[in-house]
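With chain A's structure known, arrange chains B, C and D on it following the hints.
Number of protein chains: 4
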Amino acid sequence: MQLFHNDYNEMCHEAVLKKMVDYASFQVNGYGEDEICRHAADLIRTSCCDESLDVHFLVGGTQANLTVIDAALRPHQAALGAVSAHINVHETGAVEATGHKVIPLASADGKITAEQIDSALITHWSDSAHEHIAQPKLVYISNPTELGTVYSRQELEDISSVCKKHGLYLFVDGARLGYALAAKGNDVTLADLARLTDVFYIGGTKVGAMFGEAVVISNPALKEDFRYLIKQHGGMLAKGWLLGIQFEALFEKDLYMQISAHADAMADQIRDTLHSLSCPFLVDGITNQLFPILPDHVLEELSKNFTFSEQERVDPSHRAVRFCTSWATKQENVDALCDALKKLL
Amino acid sequence: MQLFHNDYNEMCHEAVLKKMVDYASFQVNGYGEDEICRHAADLIRTSCCDESLDVHFLVGGTQANLTVIDAALRPHQAALGAVSAHINVHETGAVEATGHKVIPLASADGKITAEQIDSALITHWSDSAHEHIAQPKLVYISNPTELGTVYSRQELEDISSVCKKHGLYLFVDGARLGYALAAKGNDVTLADLARLTDVFYIGGTKVGAMFGEAVVISNPALKEDFRYLIKQHGGMLAKGWLLGIQFEALFEKDLYMQISAHADAMADQIRDTLHSLSCPFLVDGITNQLFPILPDHVLEELSKNFTFSEQERVDPSHRAVRFCTSWATKQENVDALCDALKKLL
Amino acid sequence: MQLFHNDYNEMCHEAVLKKMVDYASFQVNGYGEDEICRHAADLIRTSCCDESLDVHFLVGGTQANLTVIDAALRPHQAALGAVSAHINVHETGAVEATGHKVIPLASADGKITAEQIDSALITHWSDSAHEHIAQPKLVYISNPTELGTVYSRQELEDISSVCKKHGLYLFVDGARLGYALAAKGNDVTLADLARLTDVFYIGGTKVGAMFGEAVVISNPALKEDFRYLIKQHGGMLAKGWLLGIQFEALFEKDLYMQISAHADAMADQIRDTLHSLSCPFLVDGITNQLFPILPDHVLEELSKNFTFSEQERVDPSHRAVRFCTSWATKQENVDALCDALKKLL
Amino acid sequence: MQLFHNDYNEMCHEAVLKKMVDYASFQVNGYGEDEICRHAADLIRTSCCDESLDVHFLVGGTQANLTVIDAALRPHQAALGAVSAHINVHETGAVEATGHKVIPLASADGKITAEQIDSALITHWSDSAHEHIAQPKLVYISNPTELGTVYSRQELEDISSVCKKHGLYLFVDGARLGYALAAKGNDVTLADLARLTDVFYIGGTKVGAMFGEAVVISNPALKEDFRYLIKQHGGMLAKGWLLGIQFEALFEKDLYMQISAHADAMADQIRDTLHSLSCPFLVDGITNQLFPILPDHVLEELSKNFTFSEQERVDPSHRAVRFCTSWATKQENVDALCDALKKLL
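Chain order of the listed sequences is A, B, C and D.
For what it's worth, numbering that gives the first Met the number 0 labels the leading residue of the first sequence as 0, then goes sequentially.
For what it's worth, numbering that gives the first Met the number 0 labels the leading residue of the second sequence as 0, then goes sequentially.
For what it's worth, numbering that gives the first Met the number 0 labels the leading residue of the third sequence as 0, then goes sequentially.
For what it's worth, numbering that gives the first Met the number 0 labels the leading residue of the fourth sequence as 0, then goes sequentially.
Source of the hints: derived by calculation from the structure; they are not laboratory data.
Some hints could be false.
All copies of an identical chain are treated as equivalent in the list; a pair is satisfied when it fits inside any one copy or across any two copies.
Quick list of in silico lysine-lysine cross-link-like pairs, DSSO-like style, CA-CA up to 27 Å [said to hold, decoys possible]:
1) Lys-164 / Lys-222
2) Lys-341 / Lys-303
3) Lys-303 / Lys-252
4) Lys-303 / Lys-183
So here's chain A without its partners, still in its complex pose:
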């Protein structure tokens, strides 16, 4: 069975594992207060072209989301996000469990617009009963989104502007960030993210690491006491240097971008094959996630040799499904999948 149902089915890139083994006999201080973490943070600051950034290493994405949002909001404040946002649908109400409402905005492709945000805020403040309504204070977007789409630099500039206008924090969930940055057609850089957001994170779990997300904070208000919040939410890894090692490996020699580009290239091959077969897509994307709409009988055949995840039923005989590539995807597996698709469609 060849696994395409998500992008976290392999342990880690060999360079990450090698570095892990290299450090195995060291004695290191705990809780991320060590030289390895400091070096990894420096590498990320350099990649972001901003030496003033705070960098914290957390274990996973839900943990990063709930910790950042809880750190940013007062009790009556809420996060705005796409109706399909990971925090709205796939984190078991983790943000609500910290006491905060997630206010969903309509979205067909996983993205939201500066206009939607502006409109939501104008509506809030013009309501004479606004004190009876959760106050929007943070905008959450994913890049790439849960549907594999990416924001252009202009879109991020616009969202950033409207956030500044209304005093909102802008937070970018980058669980799959590499796959956006390395995608053909993308024009956003890490430096753009550092410049345009208040806080974002660089996903490691899905991009070459065993686990780990690097939270990057530019807004001083969000930097204060952030480590207390990590600890309180159970996210302070005793052996924090395990995270430092992995991000050191990923950011030392541009490995993060290289392996992301590989995943995107693998996805492009499948995408091109599907396009050439006139297969429709639920959403068009340029990253490592593909959402083709396929006949049930084709999916049944495919499922004998390949895994994919279910997205939604489109009509009585067709479903949209998700295929993911990753840093670990092998050419031979992509070839096998493309061959199978050609045979079946």
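Below, chains B, C and D alone, put in the same frame as chain A:
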């Protein structure tokens, strides 16, 4: 200025005030553990035809909603409600502040259906990743709804059945319950509510009392330790007998139903007038809230003598607004409003 | 039976009730946004000699405590208070339910000192692992305390200074504030409280009102969005003017101080009687609460005609109990109690 | 510098790392739903002599504590623990952040007794105002405790009995469990823990693993929906099999007990040396943590070559400090430390 913008702009019915004055010189035990509260609870049990019910008196509606829902749910569980549900839009995220997600269901008229609930639960449990999704465990409906509509007995039977099928609690917010029970065309009784729900409340604040909501619990699982939760959420009134006095006054001689019927009759006069003038409505209703769609210039004229609340803009020259009657609405004020409408339309 | 077990067993002072009746036929805007509340707030600002104060009327003490503390703290921050603080022992974990730890400081008489606070903060910040410890950010004191003791002006000055030194908020729970302000030997005024604290409240429930606490905020950081927090915690009374009426009555003609002085005078008579009978006390106090240590057999006799509350067992044959007077205590009842004590001791 | 200040300064045992490398090229399903985790859980069930246990692998101790306690308690319920309990002092209020009070019980050596628990519960339920007090529902103990002491089997039996008597859950934090189980003088087994508790966890982070704690649940009420709570609190590792691998390595060939015994033996050597030098201890213990009381000048000398952690000042010239050994402690380092102690004392 004659106030029609909501139904809590008068202190209380004279019988409530008189009884308050009558009790003024008594010494009474605190925290609702007194004879007056016990008597008021007995009166409500009798009205509900069920001696096994637990009755607790709380000060207000948001407090009742957040206390009941927090008492009912484990941390990962969520409340299902209409997208327009009071808990979803007008309580500053109070339910989320207790840690629980509110999952909105589409609704044009403020009501949700048994089918919607069934479908939501089937979707949840059939998702292989359901542990990543907040688990629906309680259904919240308002009767009448925030849009003035009411549930029929059959609709409640159906919703109750589907809740039992899926192990969900059914909770009815009755902030304006009297105005539903007394409405022409309603076929639901207090006994029906006690029989079909796990918990509901009888609103006093908007129906003749100074303040106060009587929470009625039939499900034993929800009865346990409920007073701890009232206290924890700041809802345990030191002089609890103030609530007992008011519900005693409202339920001793059927006053609750009489004054509710008055409000509905007053609303019916305005509704009939608007119908006779061919005025369209945002939502049809039978209770004390009316949502006519009126031209801006008419609203401007009306606003010189009458208050109403804004609902939504319908087109560039028309808005839906809300007029409320209440137990305190005077015939002369209704006449004045109807005359004004006839003159302007 | 004559009730001395607490100070909230009577409805309200007659002037409060009279004003309530006077306003009964008015139409007033909801949620505390009305002229009566504004006037009551003005009266309080004047009493505090500070026109810049924000004044909010809440229904009860636990509600006031949890709302203020939740508004003031970020998630990782904690409140410091005496081990006997109401928030630590008698609010069903209400503060913890908003996510915040209460850090108890040792106290024999219900008070804490500037030195204790200073020491706690120095300990916190000098711990290299302070990020693993809840961060003290607010000092909670009650005045009078739960044991009937009061803070002197100098003590408040010292506590205020140490709070400023460490960037802590100072919050005074004034559920029984009148009984402190009117006590013989007290040198603290409302103006002192407004000047030395960041936020405090003036208790109405136990001092002449039916219910209601006036939260007075001087620190601008705590003023922001406070009404959102009131609403979110279920504390925004729909008919907010009911609170305004009561505080108007209490602060119009110095009634609050007059009735407080009455309660203290009644307590002084009982205290003097007990002293003259050489009765020991658990704690010495000057307000309306007395904590004499009495033989079990005396308490048994007393309990036939008087109520009191249990405090703690002192030795196999003696218990400390609590007698409370209030604004409503009658001279004849005090006489009866003193006579009984003289007969039994 | 030789590190003795804690027991998590080395990456992991070589067998753990080797197995990690062995699995590196596999494709595995996410979120702990894989064969490796199932096998590791089976090994633990076998070690606990109970096939009915649920086993969940979490990343760290604070995460395990807050998730278990939040899963177990209703909102008004509290955890009882020693005043020195990790959840009370070193988790940044993580339990309170889930809404629950930690009620501290006095303890000189880190342990609490069945009598203390019994007394706390009798006090709670006999208080007529118990609804105003957080309700104790769970007992939290650490074994070994934060002060290196261990519970005997009889003590656990007694605590378990009193918990059953009062309907309390018993939860054992086993962050350093191996060092208790392998200690000379210990008579408690994993099977005892499974039999006597409702839930406990087996610490990996401090006992040979890179990270990871195995939560073992015997009480069916705590089993229900536990994975939802893991996810909600950000504890569901995407590549859950990383945890399975480590516990497989630790439990396949009794490695967990062997390496724990090594750490205890290393500690015994230091302990014996200190005893032979007549050094007093803050607390006597038998596990890998030692709390000697040493003169400041000795500590200053020692600190040039060895790390230790500060515990508390005992008198103007002496401090209690903590030395930790671990699975990774080398004989040569212990020898060096013992030699230094002999020279300095």
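A quick look at each hint next to the structure:
For the homomeric pair Lys-164 and Lys-222, the shortest alpha-carbon distances inside one copy (21 Å) and between copies (22 Å) are both at most 27 Å. Taking identical chains as interchangeable, the C-alpha atoms of Lys-341 and Lys-303 lie at most 27 Å apart only when both belong to the same chain, with a minimum of 16 Å there against 70 Å between chains. In this homomeric assembly, Lys-303 and Lys-252 never come within 27 Å of each other (Cα to Cα): the closest approach is 39 Å inside a single copy and 37 Å across copies. When the C-alpha separation of Lys-303 and Lys-183 is checked against a cutoff of 27 Å, the pair qualifies neither within a copy, at 31 Å, nor between copies, at 55 Å.
Of the numbered hints given earlier, the model fails hints 3 and 4; all others are met.
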